[in-house]
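**Q** Using the sequences and the hints given, assemble the complete structure.
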Amino acid sequence: MANFLEQTVNGLVNGGFYAMLALGLAVIFGMLKVVNFAHGAFYMLGAFGAYLCLRELGLSFWWALPLVPVVLGVLGMGLERAVIHRLTRLDPLYNFLLTFGLTLILQDLVKWRYGVSANPYEVPAALRGTLRAGSFEFPAYRVFVFGFAVLACAAVWWLLTRTRIGMVVRAATERPELTGALGIDVARWTTPVFGFGVALAGLAGVLAAPMQAVNPLMGADLIIVVFAVVVIGGLGSILGSVATGFGVGIAVAWAQAYAPPVVAQVLVFVVMAAVLLWRPAGLFGREETPA
Amino acid sequence: MRKSLRFLPLAAGLVVVAVLPRVLYPPVALDIVCWALFAVAVDLLLGYTGLLSFGHAAFWGTSAYTAGLVAEHTGAPFPLAVLAGAAAAAVLAVPVGYLSVRRTGIYFAMVTLAFAQLMYVVANQWRGLTGGENGLQDVPRTLFGTHPFGTDLSDPYYFYYWMLPLALLGFLAAWRIVHSPFGRVLVAIRDNPARARALGYPVHRYKLVAFVLSAALAGLAGGLFAMSHQFVTLDTLHWTTSGQAVVMVVLGGIGTLWGAPVAAAILVRLQDILSLAHFEEVGLLTGGVFVVVVLLFRRGIWGTVAALLRRWRIG
Chain A
223 MANFLEQTVN GLVNGGFYAM LALGLAVIFG MLKVVNFAHG AFYMLGAFGA
273 YLCLRELGLS FWWALPLVPV VLGVLGMGLE RAVIHRLTRL DPLYNFLLTF
323 GLTLILQDLV KWRYGVSANP YEVPAALRGT LRAGSFEFPA YRVFVFGFAV
373 LACAAVWWLL TRTRIGMVVR AATERPELTG ALGIDVARWT TPVFGFGVAL
423 AGLAGVLAAP MQAVNPLMGA DLIIVVFAVV VIGGLGSILG SVATGFGVGI
473 AVAWAQAYAP PVVAQVLVFV VMAAVLLWRP AGLFGREETP A
Chain B
59 MRKSLRFLPL AAGLVVVAVL PRVLYPPVAL DIVCWALFAV AVDLLLGYTG
109 LLSFGHAAFW GTSAYTAGLV AEHTGAPFPL AVLAGAAAAA VLAVPVGYLS
159 VRRTGIYFAM VTLAFAQLMY VVANQWRGLT GGENGLQDVP RTLFGTHPFG
209 TDLSDPYYFY YWMLPLALLG FLAAWRIVHS PFGRVLVAIR DNPARARALG
259 YPVHRYKLVA FVLSAALAGL AGGLFAMSHQ FVTLDTLHWT TSGQAVVMVV
309 LGGIGTLWGA PVAAAILVRL QDILSLAHFE EVGLLTGGVF VVVVLLFRRG
359 IWGTVAALLR RWRIG
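Those sequence lines, one after another, are chains A and B.
Sequential numbering from 223 applies to the first sequence in my numbering.
Sequential numbering from 59 applies to the second sequence in my numbering.
If you're looking for bench data, these hints aren't it; they were derived computationally from the structure.
Certain hints may be false.
[As the list claims (entries may be wrong)] Straight-line distance between alpha carbons at most 25 Å, and here's what the computed DMTMM-like set of lysine to aspartate or glutamate pairs gives:
| id | chain 1 | residue 1 | chain 2 | residue 2 |
| --- | --- | --- | --- | --- |
| 1 | A | Lys333 | B | Asp293 |
| 2 | A | Lys333 | A | Asp443 |
| 3 | A | Lys333 | B | Asp249 |
| 4 | A | Lys255 | B | Glu338 |
| 5 | A | Lys255 | B | Asp249 |
| 6 | A | Lys333 | B | Glu338 |
[To be verified] Chain B residues, not near chain A, derived (Cβ > 12 Å throughout):
| id | residue |
| --- | --- |
| 7 | Arg242 |
| 8 | Leu342 |
| 9 | Leu366 |
[What the hints assert, rightly or not] Simulated coverage check for chain B against chain A, where a stretch passes if three residues somewhere in it have a Cβ under 8 Å from a Cβ of chain A:
| id | region |
| --- | --- |
| 10 | 161-174 |
| 11 | 300-309 |
| 12 | 346-356 |
Keep in mind it's a predicted model, so treat the numbers as computed, not measured.
Ideal Cβ placement from N, Cα and C applies to all residues, glycine included.
**A** What follows is the structure, encoded as structure tokens:
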């Protein structure tokens, strides 16, 4: 039972990362119709940013937590302006290819400058201990990450459903032309939305730094899993990406505890195949208009 | 183009492949041919069916492992091992394709990517068979023994000419598929799937057949690649490998068939130069080519050349 609870908490923590990354992808996709392959690279840059903040500037985790996502968000906005924007009128595949190219460049730039070896990053002092709940003990940092991820997802949900900005973004996602006809400059919103999605990936990266060895390839394989999560949930569905993110996290953790190791690693892809058979649009997605 | 000119690229291409290992370091020539065939397989789907597969490493890698294992365990001559690999890739493509063609566009790219990652994970876990991170080492390369007709098969120079017929067979198959009635239907589906369906063509089934054919060709290339290197690593299944094939197609010109081999030759050669200079961050080159081509040069090399030729002829 203790093991089961522990695994569930681990699953929720990993699920938090999937959810934050999938959420960023979904927000960007909704507004720009761009599947951002570079999302994993931005996550890696987030972790590297936290590591460099400490090593080069002596800034602690608590400084990096707000600072790095903001810097990455600005970088993302610059990228959107400079390149992604130019391709939004074309087939979305071109932007997929472009962001794939950006991924390779970002990864290898970091590799070139800092090498492939893993860089340890310490858990902040305040979160080093364990939390007790009855007879169970959880590492405080993991509980913090889970709480933070839930908070971040809730904040995005609040932003999208309860504020005027969110209303504009949702309207532009659903019917860009009609929104424009109502006097809202839709094109002006794509840059901040892209930056916001990138910042979310960067935030996930900073949170991941103390849990993983910081290295240039840490986002490379994660992004594929997040793609599978997004296909399962239904791309463009905000709720779907968050729910599937946490669900996949828990399922993988349980599989890790109670099944041979290969099961945990292939689980997400097998679920994806099953969803494609049963509901090709994803669990929370709507049917595409038939091509 | 005038009829006599139409055979110019073919003649030029044949001359180039015939002299390639004399001009270049033979292992590089081998890599060029393998990657060219792989890229043509991807172009068959992207350029002629309108499906961007970002997971063709699954077929390239599965075939490489199959060919390697067959050669290692049965001592079969290399063409048989390669064909076994291609067959394995085609078999794998049936379920993967069946599921993937249910989605189109960007979703198709993501789904194929995920399936390729599944194969990567399985190969990494199944150490007893694949050797895990060590891969398969010392894959034997035989054909009527190790010295067919007095040539040394372990020498890449001679091996190049022994594997070339198989590779050319692959190119010929791609050319035949594109120029067959079946290929015309694929193009119709690419341009307007709704109309193709209305005309009574089972669109999903056509896409699936195209997918399996493309996977078999990618498998043929992967098997030849395994035999050329005489080892197989996990890299053959990684998504960067899929991306590498896609960048060759895009640089060469989507839907041109001829462009992909030209781009493959350029990229493989450039990567060889970089690795000789001990520069290991090849992603900067591949990624940079992706960004530049997609932003400025979407017709690719062959598409640009063809457009220039047309313009000169007309006016």
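**Q** Determine for every hint whether it applies to the structure shown.
**A** Here is how each hint holds up against the structure:
Restraint check for lysine 333 of chain A and aspartate 293 of chain B: the C-alpha separation of about 18 Å stays at or below 25 Å, so the hint holds. Taken as a hint, the lysine 333 of chain A and aspartate 443 of chain A pair is honoured in the structure, with Cα atoms around 16 Å apart against an allowance of 25 Å. A hinted pair counts as satisfied when its Cα atoms are at most 25 Å apart, and lysine 333 of chain A with aspartate 249 of chain B does not qualify at roughly 41 Å. For the proposed pair lysine 255 of chain A and glutamate 338 of chain B, the alpha carbon gap of about 34 Å is over 25 Å, so the pair is violated.
About 21 Å separates the Cα atoms of lysine 255 of chain A and aspartate 249 of chain B, which keeps this hinted pair within 25 Å; it holds. For the proposed pair lysine 333 of chain A and glutamate 338 of chain B, the alpha carbon gap of about 9 Å is at most 25 Å, so the pair holds. Here arginine 242 of chain B stays apart from chain A, with its beta-carbon at least about 19 Å from theirs, past the 12 Å limit. Its beta-carbon lying about 5 Å from the closest one in chain A, leucine 342 of chain B breaks the requirement of being farther than 12 Å from that chain.
The beta carbon of leucine 366 of chain B sits about 22 Å from the closest Cβ of chain A, which is more than 12 Å, so the claim that it is off the interface holds. Counting residues of the region 161-174 of chain B whose beta carbon lies closer than 8 Å to any beta carbon of chain A gives 11, which meets the minimum of three for the stated coverage. For the region 300-309 of chain B, the stated coverage by chain A holds: 4 residues have a C-beta nearer than 8 Å to a C-beta of that chain, and at least 3 were required. Counting residues of the region 346-356 of chain B whose beta carbon lies closer than 8 Å to any beta carbon of chain A gives 7, which meets the minimum of three for the stated coverage.
Comparing the model with each numbered hint stated earlier shows that hints 3, 4 and 8 do not hold.
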